[in-house]
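Residue numbers (the numbering used here), protein chains in the order written: chain A, 1 to 212; chain B, 1001 to 1467.
Take these hints with a grain of salt, some might be off.
DSS-like mimics (lysine-lysine), calculated; alpha carbons at most 27 Å apart, straight line [claimed, not checked]:
hint : chain 1 : residue 1 : chain 2 : residue 2
1    : B       : K1049     : A       : K197
2    : A       : K176      : B       : K1165
3    : A       : K164      : A       : K176
4    : A       : K204      : B       : K1337
5    : A       : K192      : B       : K1049
Please keep in mind that the hints were generated in silico from the structure rather than gathered at the bench.
Since the structure is predicted, the reported quantities are computational estimates derived from the model, not experimental observations.
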Amino acid sequence: MHKFTILEGIVAPLDRANVDTDAIIPKQFLKSIQRTGFGPNLFDEWRYLDHGEPGMDNSVRPLNPDFVLNFPRYNNAKILLARANFGCGSSREHAPWALEDYGFRCLIAPSYADIFFNNCFKNAILPVVLNNKAVGDLFMQVEKQPGYAVRVDLPNQIVTLPDKTTITFEIDAFRKHGLLNGLDEIGLTLEKTEMIKRYEQQRKAEAPWLFG
Amino acid sequence: MHPQTLYDKLWQQHVVYDQEDGVTLIYIDRHLIHEVTSPQAFAGLYLAKRKPWRIDSMLAVPDHNVPTTVDNSEMDDPISRLQVTTLDQNCQHFGITEFVMSDPRQGIVHVIGPEQGATLPGMTIVCGDSHTSTHGAFGALAFGIGTSEVEHVMVTQCLMQRKSKNMRIWLEGELQIGVTAKDLVLAVIGEIGTAGGSGHAIEFAGPAIESLSMEGRMTVCNMAIEAGARSGMIAVDQVTLDYLNGRPYAPSGELWERAVHSWKQLQSDEGAEFDRETTLDVSALRPQVTWGTSPQMVVGIDDIVPNPAHESDPVIREGMEHALVYMDLEPGTPIKKIDLDLVFIGSCTNGRIEDLRDAAAVARGKQVADNIKQALVVPGSGLVKRQAESEGLHQVFIDAGFEWRNPGCSMCLAMNADRLQPGERCASTSNRNFEGRQGQGGRSHLVSPAMAAAAAIAGHFTDPGRM
Ligand code: SF4
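This is chain A alone, in the form it adopts within the complex (with noise of 0.2 Å):
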């Protein structure tokens, strides 16, 4: 699996809560039976003017000028600023593939669906959580500066602006571990083999239902 350790980058702003897996990456491209190649269709809805489908060639497509990973001064961005709430919806792990694919290996947001958040770190992306204020703030200084990039420091656990002026996050120690290491967790769990197999043993004698 892919590390997460420093990842300084142009900012994007979604200006949008509740942003929903839907939206992040729409049904029709869900049909793929692969991991990789949703980036084009990040947004699908909001980014191109036409209706998009599978195996189409999006690099003709029109692209809606209004939204905002469509403004040039936005090209390259590798961080994702966005509201509340990011990411409801489906459980669909093609949400942060898509975001990964396009180029997003870190977001910023006041808080995230439960089930994104999870299958973000699954997928070397950092969802950072910064509080309501500071996420504000971010958004104005955005919009107000072009190129307006930030740092973001995985194992000091900051954000540095361009006036080096700094913002702490949190993060589970379990998960920063993870992201720093590329750890396989199924390898990890395959290690506990003999205790799932204890474990197995007892519940199939208290709740043999439960098996076969």
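Mind docking chain B with the ligand on chain A? Use the hints.
For chain B with the ligand alone, coordinates are given in the frame of chain A:
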């Protein structure tokens, strides 16, 4: 012993290993699988040369992509077909039980689990689908997971989880005629908001919950995710046991007796503490209709479309303004004056037999209004369909001008051919009214089956209790 909540009990029974850092390895009893979120997980297994840990815990079914037109059981869309045949091949390869498209038991994953008795009290149940919360209605710990976790459960039968906080929503009072479990849960979401349950496991309790059927309880838990909670749950009682007794995957004979004995413990102890508690009296609740693009944007049938100008929080206000533009609605419009183009009755929220009975009771002997281009009834499973047909409900719908379809997710998310065209307005019994959810540019209003049927007949929203 310290009084425990239902969630605490379910959690504790499944702990394999507690790490020091607050992460717990928990054991998963039932893994439900569908075609959309599993192919990449199976691919991971092949790649790492790994095998499923316990195939008898797995049950697979294609539902999201399947066509629902009765005369067209072949799939026209080659990409959808590939996803479904990929599921078939993966299940065959590993020997996993799958209800394939032609199987009479095929249907929406969250309908068939309970229907088969594959969903049992006391289980941990996961699926790569957020509406897995549905199964919590049986006193189970059920939650949706992403594809990486699907792979993790397949290989290890476990998940690394962090315990959620406890929340209880206590529902007082008795529902009026024409007011259903769907209205109740929409009202709860309207009250606490779509992020109201974030980080929490919600237990729904109180007299209004106890008097619901299993179907109604499933509708409520189904939408826990729309309140931000990964899992919703309801304590086991006689209603639960009566529903399960005799189902194919449920235990029988002496094992049933033992199971029942253990399931009776599955309720929150007297005096158990919750991190959050909310109480709502539902006795004056009216049928609910969403007006916006989030399930929390909901009002009663007698109300009007709200005015964002009255909202003080700028982020919420902007969200409301945005939603009104998308929905093409003016503040102050009475809900009853909103004309519809389509009606959809189905989904894992409201595609069960009781839902179809509710809708048929309203539609019986009436005609779908002229302005309704299409009114779809999509049973949640093949067995629901069969049951409805044996009760003659299909004829009620057909005579009234509804289309009677084959089971699947259908227009709940429009991955198959059933979808809204841009600008079309739909009364839908599903769970999400997000932009584009039912088709790009489509406008969805979430309602109960009775309301959907009433709206189909009237051509606009109207009180189903009066029909
Ligand atoms: S019916 Fe709708 S919500 Fe339920 S599983 Fe299917 S797509 Fe998801």
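These are the hints, each one checked on the structure:
no., hint, result
1, K1049/B x K197/A, "20 Å, holds"
2, K176/A x K1165/B, "21 Å, holds"
3, K164/A x K176/A, "23 Å, holds"
4, K204/A x K1337/B, "58 Å, violated"
5, K192/A x K1049/B, "18 Å, holds"
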